[in-house]
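Q: Each chain is listed here by its residues.
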Amino acid sequence: MNIVVLAKQVPDAEALIEITSEGRELLIEQKFAMNFFDEFALEEALRIKERHGGRVSVITMGTGKATEALRTAIAMGADAAFLLDDEAFLQGDGYSTALALSRAVSKEACDIILCGRQAVDDDRGEVGPMVAQFLGLPHVGAVLKLDIADGLAVAESAIEGATEVIEVDLPAVFTAQKGLNEPRVPMITGVMKAMKAQIPRLTPADLGLEPAQVGERGAKVTIGRYIAPSRKPPVRLIAGEPAEAAREAIRILTDVERVL
Amino acid sequence: MDFRLTETQRFFREQASQTLTRLAPKAEDIDRADEFPLDVFRKLGKLGYYGIRYPAEIGGMGADCVTFTLLAEEIARVSMGLAAVVTMQCLMGTDFIYHFGTEAQKERCLIPAIRGEKIATIAFTEPDCGSDLGSIRTRAVKDGRTYVITGRKMWITNGPVADFVTVAATTDPAKRLGGLGFFLVEKGTPGFSVGQKIGKISARGANTAELIFDGCRIPEENFLGREGKGPEHLNNILGEIRTMIAGLGLGLSKASFAAGLKYAGEREAFGRTIGSFELIQEKIAEMEMRIKASEFLTYYAAWLRDSGASTGKEAAMAKLYSTETACFVADEVTRIHGAYGIAEEFPVQRYFRDARFLLFGGGTSEILKTLIARDTLKRNRPSAVI
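First to last, the protein sequences are chains G and A.
Residues in the first sequence are numbered from 1 upward in steps of one, following my numbering.
Residues in the second sequence are numbered from 1 upward in steps of one, following my numbering.
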């Protein structure tokens, strides 16, 4: 069974991010990690391989630094990794990214494509479904359970107040939700293997694409400017006796903030 | 000249950091309970971390000294108690068996230790003997095809839980260091017992105890090393131990410094954050500068070892400077925290306590200064100067 995982390297949750150039650019501290949701996708791919045999390949789009995410994937147990690395890929949107990734996926036949339900940096959640669209494959989003048997997948995902169970023929695309599994910690032998692994780099030409079809030039979305979220107001302490203060807190929550 | 870590060293550090953060997020719990962190210990063994210095054929990673030092640094950032346990397992507790043990001993002790199935330790220190190993009192007396070990060891990390111990003992007290030898004693050997446990304020979780050897008879093949070569074996491992401890100091300094920076950026006084006051800035600049100097000395000593050069003096310098810096930084950071510096809810009080742990093992600062100065004087005798 050939499984492809689409993984993204994103800024670490603790990395400092600053908006510069009057809102046109983000200055991001050089601390990165594999996208939180992609780790669930990778873990699921590895578990499927362990149960059914096969091979797990991981594809990332990014600059050279993104090889770290791919090495992490190899350390966890992936068999191969590919980096879409070219100036032309930069500053893309979900559409141009999904186009390039789908071309990379289609270089080899595969049965299952997994990725996180969204990247935690831009939070758009577009790439998984768009890759499915480009490849003409079915897609199941935010999967919490995935069973594979006889060319068929049974996927469960949470919907409001219920669990949705979807049967789908393979090949298909699945996006992973938190709760699908507990991603493994790499063995040190895996880390060694990852340190030595060769990671091929693919350009638009390798994918049969023109530079104008990928990255910023191929994007359908234009970023106007970045705006920092408004700062939280300082904590307000309510003075007085506990019962009186509690009444005042409830009044503020119900009448002023209207959150109750 | 290139001061950067290699890509693979950086990747390893990142992986180790992520693994430790995931497996050992409760450093405060380890500190408060002061119990051997068996669960995390076993998990790290299953992941293969105790074999970092050993070749792949026996389940190791075959990593260089820089990479091992990075591991020490990353663990010390998380928990000094765990760091003491892990580094004992990776280095001091297993090194003599790896170099001098029989295949059966490796099969019985080393390989299970690499897997985290057995706990290792080493016993140098005695109630009346620390840095002065030439005056060691624990005797190893040859009796036919056995040795009989008699003596007491103190301050033995992992002592209460160890499955086997490498014991420093003398075969001839008159020869002082020349009589020094190292002997494998396994748990359950008649005459071997654990004495008093030593409660301590630093590196809690790494349990420390007295070990008693009362006519403890072991087979002659448990002599680990070559007769008369004890000092040489000791020097070989001491360089690596000191470099590793320098890594521990560096990790602790960095953890303390990060806590200090965070607090200086959040705590307000007189209408502004305390980090904007010049006297706090002086502390920040001084700490950062010393940490950077520790980093250079530590990585340099490790790199020298990987280059095959003698590292005696450089490892001593790294250990001395890095551990003193850890004490300095932890002290300064508790001052930045004001009264909160001694509050249990903040980790800096733990850093302050843990920094003291680093001052003794591998040589006290005073002994190391003596070694450094003697080496320098020896190499710079007037007759040697052109």
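Calculated directly from the structure, the hints in this document are not laboratory data.
Cβ coordinates follow ideal geometry from the N, Cα and C atoms, glycine included.
There may be inaccurate statements among the hints.
[As the list claims (entries may be wrong)] A short list of chain A residues far from chain G (calculated; beta carbon distances all over 12 Å):
| hint | residue |
| --- | --- |
| 1 | R10 |
| 2 | A16 |
| 3 | G308 |
| 4 | A339 |
[Said to hold, decoys possible] What the simulated footprint calls covered on chain G by chain A, stretch by stretch (three residues with Cβ under 8 Å from a Cβ of chain A suffice, anywhere in the stretch; the number is not a length):
| hint | region |
| --- | --- |
| 5 | 64-72 |
| 6 | 184-193 |
[As the list claims (entries may be wrong)] Taking lysine-lysine pairs in the DSSO-like style, the calculated list, with each CA pair at most 30 Å apart, reads:
| hint | chain 1 | residue 1 | chain 2 | residue 2 |
| --- | --- | --- | --- | --- |
| 7 | G | K31 | A | K142 |
| 8 | G | K178 | A | K26 |
| 9 | G | K193 | A | K254 |
| 10 | G | K196 | G | K232 |
| 11 | A | K106 | G | K31 |
| 12 | G | K65 | A | K292 |
| 13 | G | K31 | A | K229 |
| 14 | A | K46 | G | K145 |
| 15 | G | K31 | A | K175 |
| 16 | A | K46 | G | K49 |
| 17 | A | K142 | G | K65 |
| 18 | G | K107 | G | K193 |
| 19 | G | K232 | G | K178 |
| 20 | A | K254 | G | K196 |
| 21 | A | K43 | G | K145 |
| 22 | A | K43 | G | K49 |
| 23 | G | K196 | A | K175 |
| 24 | G | K65 | A | K254 |
| 25 | A | K292 | G | K31 |
| 26 | G | K232 | A | K262 |
| 27 | G | K145 | G | K196 |
| 28 | A | K26 | A | K175 |
| 29 | G | K178 | A | K292 |
| 30 | G | K31 | A | K262 |
| 31 | G | K193 | A | K175 |
| 32 | A | K46 | A | K106 |
| 33 | A | K142 | G | K196 |
| 34 | G | K178 | A | K43 |
| 35 | A | K175 | A | K142 |
| 36 | A | K262 | G | K193 |
| 37 | A | K46 | G | K196 |
| 38 | G | K193 | A | K142 |
Q: Hints first: check each against the structure and report whether it holds.
A: Hint check:
1. R10(A), annotated as away from the interface, has a beta carbon of chain G within 12 Å; the closest lies near 8 Å.
2. Not every beta carbon of chain G lies more than 12 Å from that of A16(A), the smallest distance being close to 8 Å; the non-interface claim is violated.
3. Every CB of chain G is more than 12 Å from the CB of G308(A) (nearest about 22 Å), matching its label as outside the interface.
4. With a closest Cβ-Cβ approach of about 20 Å to chain G, A339(A) is found to remain outside the 12 Å limit, as its non-interface label requires.
5. Evaluation of the coverage hint for the region 64-72 of chain G: fulfilled, as 3 residues show C-beta separations to chain A shorter than 8 Å, against a requirement of three.
6. Proximity of the region 184-193 of chain G to chain A, defined as three or more residues with a beta carbon under 8 Å from a beta carbon of that chain, is established by the 7 residues found.
7. The straight-line distance between the Cα atoms of K31(G) and K142(A) is roughly 58 Å, outside the 30 Å bound, and the hint therefore fails.
8. Taken as a hint, the K178(G) and K26(A) pair is honoured in the structure, with Cα atoms around 23 Å apart against an allowance of 30 Å.
9. For a cut-off of 30 Å, the pair hint linking K193(G) to K254(A) stands: about 29 Å separates their Cα positions.
10. About 46 Å separates the Cα atoms of K196(G) and K232(G), which puts this hinted pair outside 30 Å; it is violated.
11. Between the alpha carbons of K106(A) and K31(G) the distance comes to roughly 41 Å, so the proposed pair goes past 30 Å and is violated.
12. Taking the CA atoms of K65(G) and K292(A), the gap is near 24 Å; set against the 30 Å cutoff, the hint holds.
13. Taken as a hint, the K31(G) and K229(A) pair is broken in the structure, with Cα atoms around 48 Å apart against an allowance of 30 Å.
14. Restraint check: the Cα-Cα separation between K46(A) and K145(G) comes to about 27 Å, which is no more than 30 Å; the hinted pair holds.
15. Note on K31(G) and K175(A): the hinted pairing is violated, with a Cα-Cα distance of about 55 Å set against a maximum of 30 Å.
16. Pair hint K46(A) plus K49(G) holds up; C-alpha atoms about 21 Å apart against a cutoff of 30 Å.
17. Distance restraint check for K142(A) and K65(G): the Cα-Cα separation of roughly 59 Å exceeds the 30 Å cut-off, and the hinted pair is therefore not satisfied.
18. Restraint check for K107(G) and K193(G): the C-alpha separation of about 24 Å stays at or below 30 Å, so the hint holds.
19. This hinted pair checks out: K232(G) and K178(G) have alpha carbons roughly 27 Å apart, not beyond 30 Å.
20. Between K254(A) and K196(G) the alpha-carbon distance is near 29 Å, which keeps this suggested pair within the 30 Å criterion.
21. Between K43(A) and K145(G), the direct Cα distance comes to roughly 26 Å. Compliance with the 30 Å bound is thereby established for this hinted pair.
22. Proposed proximity of K43(A) and K49(G) is supported: the alpha carbons are some 23 Å apart, at most 30 Å.
23. With a CA separation close to 49 Å, the supplied pair K196(G) and K175(A) exceeds the 30 Å bound.
24. Restraint check for K65(G) and K254(A): the C-alpha separation of about 24 Å stays at or below 30 Å, so the hint holds.
25. For the given pair, K292(A) sits about 19 Å from K31(G) by alpha-carbon distance, which is consistent with the 30 Å threshold.
26. For the suggested pair K232(G) and K262(A), the alpha carbons sit about 19 Å apart, so the restraint of at most 30 Å is met.
27. A hinted pair counts as satisfied when its Cα atoms are at most 30 Å apart, and K145(G) with K196(G) does not qualify at roughly 33 Å.
28. Among the hinted pairs, K26(A) with K175(A) is inconsistent with the structure: their alpha-carbon atoms are about 48 Å apart, more than 30 Å.
29. A C-alpha spacing of about 39 Å is found between K178(G) and K292(A), which places the hinted pair above 30 Å, so the restraint is violated.
30. Under the criterion of a C-alpha separation no larger than 30 Å, the hint pairing K31(G) with K262(A) is consistent with the structure, at around 17 Å.
31. At roughly 48 Å between alpha-carbon atoms, K193(G) and K175(A) are farther apart than 30 Å, so this suggested pair is violated.
32. Only pairs whose Cα atoms come within 30 Å are accepted, and K46(A) paired with K106(A) is accepted, the gap being roughly 18 Å.
33. Among the hinted pairs, K142(A) with K196(G) is inconsistent with the structure: their alpha-carbon atoms are about 48 Å apart, more than 30 Å.
34. Simply put, K178(G) and K43(A) have alpha-carbon atoms about 23 Å apart, close enough for the 30 Å limit, and the pair holds.
35. For the hint pairing K175(A) with K142(A), the CA-to-CA distance comes to about 16 Å; that is within 30 Å, so the pair holds.
36. Between K262(A) and K193(G) the alpha-carbon distance is near 36 Å, which puts this suggested pair outside the 30 Å criterion.
37. A hinted pair counts as satisfied when its Cα atoms are at most 30 Å apart, and K46(A) with K196(G) qualifies at roughly 21 Å.
38. Taking the CA atoms of K193(G) and K142(A), the gap is near 46 Å; set against the 30 Å cutoff, the hint is violated.
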